[in-house]
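So you can see what is in the structure, the chains are spelled out below.
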Amino acid sequence: MNRLAPKVLPGFGLTLGFTLAYLGFLVVLPLGALLFQALSNNPMDFFQSAFHPRALSAYWNSVSMAFTAAIFNTFIGLLIAWVLVRYKFFGRRFMDALIDLPFALPTSVAGFVYSTLYSERGWLGEFLGQNGIYLTHTWFLTVLVLLFTGFPFVVRTVQPVLEELDGDLEEASAILGASRLQTFSNVILPSILPALITGFSLAFARGLGEYGSIVFVSSNLPYRSETGPVLIVSRLEENAINDASAAAIVMLLASFGMLLLINTLQKRRQANG
Amino acid sequence: MTEYLFSVCKGILACLALVCGALALSLVASPKRGSLELLHASFDTSREILAAWHHEINESLVSNAWGNPNFRISNAGSAAQARAVRDGLPADIASLNFEPDWQILAKAGLVHSDWRSKLPGGMAPWHSSLVLVVRKGNPHEIHDWEDLLKKPVKVIMPNPKTSGVARLAVLSFWETRRRAVGPEKADGDLISLCKKVPVFDPSMRTCTTTFAQKGIGDVQITWEPEAWLEVEESGGKLELIRPKTSFRIEPAIGMVEPVAKSKGTTLLVQKYLEWIYNPVAQEILAKYHFRPLDKNVEKLHQDQFPPVDWITIEDIAGDWEKAVEIFFKDGGLVDRALKEAAKR
Amino acid sequence: MANHPFNDSPDKATAPDPTQNNMVGLTDSVGPPSLMNCRTESPLIQNLLVGLAWFFFIGILGIPILYLFTQAFSGGFIAFFQSIFGDKDTMNSILLTLTIAPIAVMLNTVFGLNAAWLLTRYRFPGRTLILTLIDLPFAVSPVVTGLCLVILAGGRTWVGFWLDRLGIPFLNNTPSMVMGTMFVTLPIIVRELIPVLEEIGPEQELAATSLGANGRQMFFKITLPNIGIGLLYGVLLCNARAIGEFASVAVVSGRISGATETMPLRVERLFQEYKSPADFALASLLALMAFGTLLAKGLIENRLNYRHHSGKKGKVGQ
Numbered sequence: 001m002n003r004l005a006p007k008v009l010p011g012f013g014l015t016l017g018f019t020l021a022y023l024g025f026l027v028v029l030p031l032g033a034l035l036f037q038a039l040s041n042n043p044m045d046f047f048q049s050a051f052h053p054r055a056l057s058a059y060w061n062s063v064s065m066a067f068t069a070a071i072f073n074t075f076i077g078l079l080i081a082w083v084l085v086r087y088k089f090f091g092r093r094f095m096d097a098l099i100d101l102p103f104a105l106p107t108s109v110a111g112f113v114y115s116t117l118y119s120e121r122g123w124l125g126e127f128l129g130q131n132g133i134y135l136t137h138t139w140f141l142t143v144l145v146l147l148f149t150g151f152p153f154v155v156r157t158v159q160p161v162l163e164e165l166d167g168d169l170e171e172a173s174a175i176l177g178a179s180r181l182q183t184f185s186n187v188i189l190p191s192i193l194p195a196l197i198t199g200f201s202l203a204f205a206r207g208l209g210e211y212g213s214i215v216f217v218s219s220n221l222p223y224r225s226e227t228g229p230v231l232i233v234s235r236l237e238e239n240a241i242n243d244a245s246a247a248a249i250v251m252l253l254a255s256f257g258m259l260l261l262i263n264t265l266q267k268r269r270q271a272n273g
Numbered sequence: 274m275t276e277y278l279f280s281v282c283k284g285i286l287a288c289l290a291l292v293c294g295a296l297a298l299s300l301v302a303s304p305k306r307g308s309l310e311l312l313h314a315s316f317d318t319s320r321e322i323l324a325a326w327h328h329e330i331n332e333s334l335v336s337n338a339w340g341n342p343n344f345r346i347s348n349a350g351s352a353a354q355a356r357a358v359r360d361g362l363p364a365d366i367a368s369l370n371f372e373p374d375w376q377i378l379a380k381a382g383l384v385h386s387d388w389r390s391k392l393p394g395g396m397a398p399w400h401s402s403l404v405l406v407v408r409k410g411n412p413h414e415i416h417d418w419e420d421l422l423k424k425p426v427k428v429i430m431p432n433p434k435t436s437g438v439a440r441l442a443v444l445s446f447w448e449t450r451r452r453a454v455g456p457e458k459a460d461g462d463l464i465s466l467c468k469k470v471p472v473f474d475p476s477m478r479t480c481t482t483t484f485a486q487k488g489i490g491d492v493q494i495t496w497e498p499e500a501w502l503e504v505e506e507s508g509g510k511l512e513l514i515r516p517k518t519s520f521r522i523e524p525a526i527g528m529v530e531p532v533a534k535s536k537g538t539t540l541l542v543q544k545y546l547e548w549i550y551n552p553v554a555q556e557i558l559a560k561y562h563f564r565p566l567d568k569n570v571e572k573l574h575q576d577q578f579p580p581v582d583w584i585t586i587e588d589i590a591g592d593w594e595k596a597v598e599i600f601f602k603d604g605g606l607v608d609r610a611l612k613e614a615a616k617r
Numbered sequence: 618m619a620n621h622p623f624n625d626s627p628d629k630a631t632a633p634d635p636t637q638n639n640m641v642g643l644t645d646s647v648g649p650p651s652l653m654n655c656r657t658e659s660p661l662i663q664n665l666l667v668g669l670a671w672f673f674f675i676g677i678l679g680i681p682i683l684y685l686f687t688q689a690f691s692g693g694f695i696a697f698f699q700s701i702f703g704d705k706d707t708m709n710s711i712l713l714t715l716t717i718a719p720i721a722v723m724l725n726t727v728f729g730l731n732a733a734w735l736l737t738r739y740r741f742p743g744r745t746l747i748l749t750l751i752d753l754p755f756a757v758s759p760v761v762t763g764l765c766l767v768i769l770a771g772g773r774t775w776v777g778f779w780l781d782r783l784g785i786p787f788l789n790n791t792p793s794m795v796m797g798t799m800f801v802t803l804p805i806i807v808r809e810l811i812p813v814l815e816e817i818g819p820e821q822e823l824a825a826t827s828l829g830a831n832g833r834q835m836f837f838k839i840t841l842p843n844i845g846i847g848l849l850y851g852v853l854l855c856n857a858r859a860i861g862e863f864a865s866v867a868v869v870s871g872r873i874s875g876a877t878e879t880m881p882l883r884v885e886r887l888f889q890e891y892k893s894p895a896d897f898a899l900a901s902l903l904a905l906m907a908f909g910t911l912l913a914k915g916l917i918e919n920r921l922n923y924r925h926h927s928g929k930k931g932k933v934g935q
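Chains as they are written, first to last, in my numbering: chain A, 1 to 273; chain B, 274 to 617; chain C, 618 to 935.
Certain hints may be false.
To be verified - In silico DSS-like links for lysine-lysine, alpha-carbon gap of 25 Å or less: (1) K510/B with K838/C; (2) K560/B with K838/C; (3) K409/B with K892/C; (4) K283/B with K838/C.
Keep in mind the hints are simulated off the structure, nothing from the lab.
All of these numbers come straight from a predicted model, not from anything done at the bench.
All chains should be built: construct the whole structure from the sequences, respecting the hints.
Right, dumping it as structure tokens:
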């Protein structure tokens, strides 16, 4: 398509106007209000609230939990994608169909079920409690819930790449005497690595902003296990709207950075593939 | 070129018309709300008592005389409710259990300066005390505030940054310790207390869930009505312990005047606020373990409400402003304690 | 996934290999045997990996879902229905969700068609900016969305001032909840449509216009039928996300029971009021809706042979 196209196909002006107005009303206006709120204060105050020790620990908690979960998600997602693409086994279609469930299920329901399941009265909580393990409100359980919300991202980004993988290279590698493990790490892995990284960043970005499930399972200790989104809500409830918006700006910048990273990765993948 | 600009404008107008139309539609299509509606925005743990009051009003002839209003409740932490009401939650009536939260409404011009004097008890038809809930048999032998400091005891309380009752619990604990060991040591004890809290839930009710249903912690700091509710609910698994001293909690219930005026419910709200002082309403209070203002009703339930050595804000800091300054500001005692507690 | 090119010979793949080491098999009939089977692992490793995959799948997904439904029906079917249909506030929350979600989805559908057409059929300065703005809601935490709306309408901005002045109920009411849901689900349909429109290309549309069709005829006769299934797919995912939206709605709703509580918010409230198994019952209703979405999605993928576009896929559910 070149720039002459608007003259050829009708609708350029109409769709441009509609799109701009919609984005302006829905995205620019609210985010602008947030910026306005944050900037209308003394910049010193802004930095003080944005980098308040409680806020700093909240960012760190968000990042560390989301990162840990995303790492595990990458392995689990790769494993499941690999099994789904390469092997035929009983229940494969069932598994393939249900992988998307975390996309369709409200995350708050996931958080609710996890928090009761691992509580003293729930199946797993009761079982683990008998063995002296108590997971409720631990860091571990939060990461576990983030596994639930995040692993389909990895499966669904890696799966199509695995399917379209060129078999010749693998055969060549085998003919040249490479073991299966060597073939995997030297031939297969490099070609699915971009997809893996994309899946990882998607799961990570999701974990950073997650609220609905975390609020059920986390212990929400300020300075200790409070995450960024939980902090923002908590600040709002404390009626400290300036602190809330300062933290929100930081979270916004972080997620914007993630977005640019993901888009660059996607572009590079498309250019390569 | 002008043709393009024209179609761009057409697109913009179409979009705005569609979005505004849809938002208006959502307003119309949302679940039907009665023509006459009273919204009571209240702190978290008042769910049951408000429901019981509204039930009584609906069942009795009172409702007819009032024009059969629809009662609705909104529950959240006290500070969160104050903010929501200030930001336009159309509540006719507000009840907040942490005194400084009323300042938010006063500053926004939502309550009159003299509103306190209109009804007895400073608009609080009830009062209550802080209590402790322990697990069956009280294995750690907890009887009073200082027992919370025992080594292995894990304490459950809501986040004093968001929950009104938690702030009052902090004040009760600190003042009791101050009377025993002096202010410096009391500060230290408060820090040790915060270190013993494994979970800071945002509000009293989520805290109760954590303690009673998820089974975390050895003792929960809560207030009387909530404690009774969970002890009864637990079927003998929990026990109620009364410390000798407690802050006197008197949550005021007041009219949000501009809202009531704009909704035309001023008279109705006045009737409502007066009604909750009548013996029937006070009896319901006692049934839900709130200490009624009505002395006669309280006498009837004497065994339920043993005397408490009440602490007031004057004992602690003189007035609320100072208390907020010392304890609850960022960088105040509670903030320092939470920071220390995080170092574990 | 519709096609699995490598697993059409399951039995052969699991057959043991007598001659060579376990890594390279020898039992395929089509090509040079050793070459075909060098693309798979020994049965032992296969079984191990499949077992491990099942372990994670069941642990992360299976047990929680099973637990949810067991708890929901722990009081029997009658209690289940009673706890949902017998509670006025719960019914209201279902109605509210069924009001908010369709409105948000409808608007995002119209927007999605507009934006996807704009972005795929024309190249113009600022196109990348629009793309970034569309992706932004994927990256922004829904909590931040809620906060933005609270600030926007909370009084200090001129929008809030005018809303207040004109007496328009926005915050703590359905419009703000619809807007939060719209924001969060905004990119889903556009992102679904862009690759479809790219792939089809503008040739048919160009032909139609050169034959004298006007914009409307071209859109309804050519474009819409071509992208119909992709659109349906996007609407489905958008709807699922809209029904389940929690954080942004929780922040702006004011949580008036029976009036501004959506289904997910109602689940939380029931949980806090010890109304078990009513909380599980409502949660399981949400889960059933999710299963419905998956079912419909599967039908689209299998029966209509709609091949989902790789690369964009992972973003879609966010």
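Mind listing which of the numbered hints don't hold for this structure, in increasing order? 1 and 2
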